[in-house]
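Residue numbers (this note's numbering), protein chains in the order written: chain A, 1 to 212; chain B, 1 to 212; chain C, 1 to 330; chain D, 1 to 330.
Hints were generated in silico from the structure; no laboratory data involved. Since we're looking at a predicted model, the values are computed, not measured. By construction, the Cβ of each residue, glycine as well, lies at the ideal position given by its N, Cα and C atoms. Do not take every clue at face value.
Sample of chain A residues at the chain D side, in silico, Cβ under 8 Å [to be verified]: (1) 39; (2) 74; (3) 76.
Just the calculated beta-carbon pair ranges, DEER-fashion [unchecked claim]: (4) 282/D <-> 19/A: 55 to 63 Å; (5) 284/C <-> 25/D: 38 to 46 Å; (6) 207/D <-> 15/B: 34 to 42 Å; (7) 24/D <-> 244/C: 22 to 30 Å; (8) 23/B <-> 13/C: 58 to 66 Å; (9) 182/D <-> 23/B: 51 to 59 Å; (10) 197/A <-> 226/C: 45 to 53 Å; (11) 38/C <-> 57/B: 26 to 34 Å; (12) 244/C <-> 39/D: 56 to 64 Å.
Some chain A residues flagged as far from chain D (calculated, every beta-carbon gap over 10 Å) [claimed, not checked]: (13) 2; (14) 18; (15) 23; (16) 38; (17) 55; (18) 80; (19) 118.
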Amino acid sequence: MDAAFFRGWLTEVASAVDEEADRLTELDSAIGDADHGTNMRRGFTAVVTAVGEQRPASPGAVLALAGRTLVSTVGGASGPLYGTLLRRTGKALGEAPEVGRAELASALRAGVDAVSRLGGAVPGDKTMLDALVPAVEALGEGLDAASAAAERGAQATVPMRARKGRASYLGERSVGHQDPGAASSALLLAALARTGRQGGGPAPDAGEVRDD
Amino acid sequence: MDAAFFRGWLTEVASAVDEEADRLTELDSAIGDADHGTNMRRGFTAVVTAVGEQRPASPGAVLALAGRTLVSTVGGASGPLYGTLLRRTGKALGEAPEVGRAELASALRAGVDAVSRLGGAVPGDKTMLDALVPAVEALGEGLDAASAAAERGAQATVPMRARKGRASYLGERSVGHQDPGAASSALLLAALARTGRQGGGPAPDAGEVRDD
Amino acid sequence: MKQLINVPERVVADALRGMAAAHPELTVDVEQRVVLRGDAPVLDKVALVSGGGSGHEPLHAGFVGPGMLDAACPGEVFTSPVPDQMARAAAAVDSGRGVLFVVKNYTGDVLNFEMAAELAQDEGVQVASVLVEDDVAVTDSTFTAGRRGTGGTLFVEKLAGAAAEAGAPLERVERIARRVAASCRSFGVALTACTTPAKGRPTFDLPEGELELGIGIHGEPGRERRPMMTSGEIADATVDALLADDRPHGPVLVLVNGMGGTPLLELYGFNAEVRRALGERGVAVPRTLVGNYVTSLDMAGCSVTLCQVDEEMLRLWDAPVSTPALRWGR
Amino acid sequence: MKQLINVPERVVADALRGMAAAHPELTVDVEQRVVLRGDAPVLDKVALVSGGGSGHEPLHAGFVGPGMLDAACPGEVFTSPVPDQMARAAAAVDSGRGVLFVVKNYTGDVLNFEMAAELAQDEGVQVASVLVEDDVAVTDSTFTAGRRGTGGTLFVEKLAGAAAEAGAPLERVERIARRVAASCRSFGVALTACTTPAKGRPTFDLPEGELELGIGIHGEPGRERRPMMTSGEIADATVDALLADDRPHGPVLVLVNGMGGTPLLELYGFNAEVRRALGERGVAVPRTLVGNYVTSLDMAGCSVTLCQVDEEMLRLWDAPVSTPALRWGR
Ligand SMILES: Nc1ncnc2c1ncn2[C@@H]1O[C@H](COP(=O)(O)OP(=O)(O)O)[C@@H](O)[C@H]1O
Ligand SMILES: Nc1ncnc2c1ncn2[C@@H]1O[C@H](COP(=O)(O)OP(=O)(O)O)[C@@H](O)[C@H]1O
Ligand SMILES: [Mg+2]
Ligand SMILES: [Mg+2]
Ligand SMILES: [Mg+2]
Ligand SMILES: [Mg+2]
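Pulled out of the complex, with its shape left as it was, chain A reads as follows:
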């Protein structure tokens, strides 16, 4: 997977987020402040512009730029958190012009760990981590598996009682709603899987195959 692959992923995320913005805002409206969709859309639109214009040469540089862009354009909780996710993942990938799935998996783990440290949340708190952590764990089985795990993780937030973020203010009343950040994380992973299937990332569950 090279820089183009990651640019493709981010473009894929941007269009998924754009399509699903209303749903994300709707979820955030139930247990938050009704801005998650617009936040994500604003951020990933800016990301696509930034990586398209600056065209960093390496996967690591692409993700680091995307992360910085999110931090500078999103605001809210999701800006620093997703910004950190991508920046740290990018940093972990280093300068290499191409990366394999194992490297991506460990880099993403570093990114997700950084999110957990920054926000002080762990799985079960009803946050994006409930989608991200299982996804990273499933990444060894391929991008589709990771995406499926993220989606399951997002769904699993429905019965949870929030302990972090705005939803936590609601206490028991947060139960019965899906966490918007977990939902957007599932979109990120689904986009990754699609990118893998399309352009030339590793074929589903194809092990260390590197192409593109």
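Since chain A is already given, all that's left is putting chains B, C and D with the ligands on it; use the hints.
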């Protein structure tokens, strides 16, 4: 008709206004500011208290006190206008302990004229005068006739375009609604007719009969 | 519609108790419904008294204080106060140099203030009155009760108040007030109707996707109903209505006023469009006030008032004022 | 719900253009979304910077000026600003004596201000931060993101701003800010939900005849839904919630704050009940502020903030302030 008769009338008005307050406010809501019912209720409640406590000896004094009380408690357009109506009518009745229908008719005419001078309105402007003027004119035929004329006058304001009061701001949009002040004037006249029929005012169309 | 009240009948009295608690610098007579400067009567100063129906807060009681009103008389919601209130206020604030009544042009206000002036004069208080009639939405004033008094009231009270504070005699304060009143034009727009405590439901029906142009401040419908417009379009329509009535020959003070239910965020955005629209039409704006000043309970919407000024009027505007709702200088 | 806007995406930029037009005494950078005192950096003065999501106006930009904030950074509606804004603001207002960030306790605000502090420090600006977390409706703060910052922010910005204006060094300004933050308790009530421009519909469903107790300022539902209550009952419930959390040992400053859609008439009436409730419970109130200061767009409702004060804090409250939304003294 003596002081008790006029106290009776005012009490009758107060209870009619109390019952119809919501309708008056509803009418005022369509083409005004939704306070005519509360204004009238506040005013006539105070009037009943005042005349009950002070018990002026003559019809003229009862009405003058009622008028002053309306001025001091109602506010809005209807306060000074109804206040003037009763005050001037009372003044015209003078000190006599009893008055006949002819005297009442001419005193009321003086009161209505004062309302017209004070507010600058004439019949056709879609105001209380559209009920009051025909009522005064019909008073020669008895209280019931006056009441019926007032009611017809109030109904006749529906198709009018307002030229005075708040409703005038609406221009054409005032057409199709009954004027709240005309409606309350009809209540005043209906109460007068009822008082006549009950306690001992002149029997309907009974000419100069004085009793009570 | 839900309201933060006890019972409708007590709304005005409760608000006055709350004002008394919040503003020890004012003398609030809850029983008689009069709000006075705490230091009234001010020695050797012409006094300004205004009043009107409640529901337009901070107008008028929020404008009582040095540099503006000496007294305000709040009536019931959307109902002119009674003459006794104004007469009592006039007696309380008169220092012997006379009292100016600032009256918004509504039948009720005009009649009650007229009666009050008689009462006060009977008691030896010299009284002059100025009528504010600035709402250009009322066009054919011969076939109506005449133009309504709305946002221009703030300018009349501020500028005449500054003149009085500076020691001008009654005749001059009155002349300035008249000049300001004649220089003011207002136009209002509603996105929703308001809800009076007594009625408990919106005073008229204004569906999604529509607005009213040319509304007053008493929950009455406006001159015209239109499909919903953007902030920029509303600014253009408003400024056009104002300039069509009277094209200012000089700079204007601008009041971008919220009707009570419109967030300040939106009002400031609207101000940007008003300023653009005025700029495009060549009107200079030395001062702007943005906020909820002459409201209509919880109505969503706005009004714009232009007050054409000369040097002297601008100085009077800039003069110190110290009231609950308007405060600067010194 | 109808809004006085152009398009949702431009709401914040439009509002900033409108602020710039109305307030020549401020420097408004519409592009970078920073509002500064026009005379910044003020020589030899510790600077105060705050910011947060838009939709709470006049907070924070309306509190920029002598005696209060040096800069405010408005984010998107209900979305914390980004670190670049605060870092840029810090650089613009720093006179060399350091900058205090006033941060409301929300995950987004905390994280973005943290990143901003790093950026600013990288550029040689000395930065301290104070967290406002005054909302007693958030009870079990170990299982939540902690208490929300609401009305107490106004007191922190005012009192710390006065200390900075008086020349206190950063460490002292920070200490005072912390003391004020620790002395503030707030509780809010919603009668209606608010409508964000992006969503265009109320953020939650609050039927006639019901209200929410313990709401925040971001359109989130509250701690508890109850059948509609009178103003007096709401005051009792609110004051009880505040005193149950912390019984003041001395006098308190009171902010009776409107959420944006509640008429001032009702707010003043509510203040009467709050004062009664405090009086009945033996709490003395030397100063009260009534108005829409920390809002939630067009939400109907109110919040009460108590800020326990000593002599010094009272002096800082009374010190002159000159901002668009809060102005007195001098
Ligand atoms: N402490 C945290 N750790 C991890 N994720 C968090 C944390 N706080 C909030 N989030 C995530 O952020 C999402 C909300 O993002 P967004 O709505 O954009 O920001 P905000 O809450 O500031 O409005 C939540 O749904 C949750 O998934
Ligand atoms: N100039 C006038 N002359 C006669 N009657 C008037 C005039 N102006 C208003 N009215 C009457 O007053 C009524 C309104 O009374 P009310 O609602 O109590 O006062 P306000 O209009 O001040 O709210 C109108 O319906 C009309 O009948
Ligand atoms: Mg959110
Ligand atoms: Mg009326
Ligand atoms: Mg009225
Ligand atoms: Mg947010």
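Evaluation of the provided hints:
The interface hint given for residue 39/A is met, as the beta carbon of that residue sits about 6 Å from the closest beta carbon of chain D, less than 8 Å. Taking 8 Å as the C-beta cut-off, the interface hint given for residue 74/A holds, the closest approach to chain D being about 7 Å. About 4 Å separates the beta-carbon of residue 76/A from the nearest beta-carbon of chain D, less than 8 Å, and the hint is met. Under the hint 55 to 63 Å, the C-beta atoms of residue 282/D and residue 19/A, about 58 Å apart, fit the expected range.
Checked against the given bound of 38 to 46 Å, the beta carbons of residue 284/C and residue 25/D, roughly 18 Å apart, lie outside it. For residue 207/D and residue 15/B, the hinted distance range of 34 to 42 Å is satisfied, since their beta carbons lie about 36 Å from each other. Between residue 24/D and residue 244/C the Cβ separation comes to about 29 Å, which falls inside the hinted range of 22 to 30 Å. Evaluation of the 58 to 66 Å hint for residue 23/B and residue 13/C yields a failure: the beta carbon distance comes to about 26 Å.
Judged by the Cβ atoms, the range 51 to 59 Å given for residue 182/D and residue 23/B holds: they are separated by roughly 57 Å. Between residue 197/A and residue 226/C the beta carbon distance is about 51 Å. The supplied range of 45 to 53 Å therefore holds. Checked against the hint of 26 to 34 Å, the C-beta distance between residue 38/C and residue 57/B comes to roughly 45 Å, which is inconsistent with it. Checked against the given bound of 56 to 64 Å, the beta carbons of residue 244/C and residue 39/D, roughly 41 Å apart, lie outside it.
Every C-beta of chain D lies more than 10 Å from that of residue 2/A, the closest at about 30 Å, which supports listing it as non-interface. Annotated as non-interface, residue 18/A keeps its C-beta farther than 10 Å from every C-beta of chain D; the closest such distance is 13 Å. Separation of residue 23/A from chain D is adequate, the least Cβ-Cβ distance of about 12 Å exceeding the 10 Å criterion. The non-interface label for residue 38/A is inconsistent with chain D: the shortest C-beta to C-beta separation is roughly 5 Å, within 10 Å.
The beta carbon of residue 55/A is kept farther than 10 Å from every beta carbon of chain D, the shortest such distance being approximately 22 Å. Under the 10 Å C-beta cut-off, the non-interface status given to residue 80/A relative to chain D is violated; the minimum distance is some 4 Å. Its beta-carbon lying about 7 Å from the closest one in chain D, residue 118/A breaks the requirement of being farther than 10 Å from that chain.
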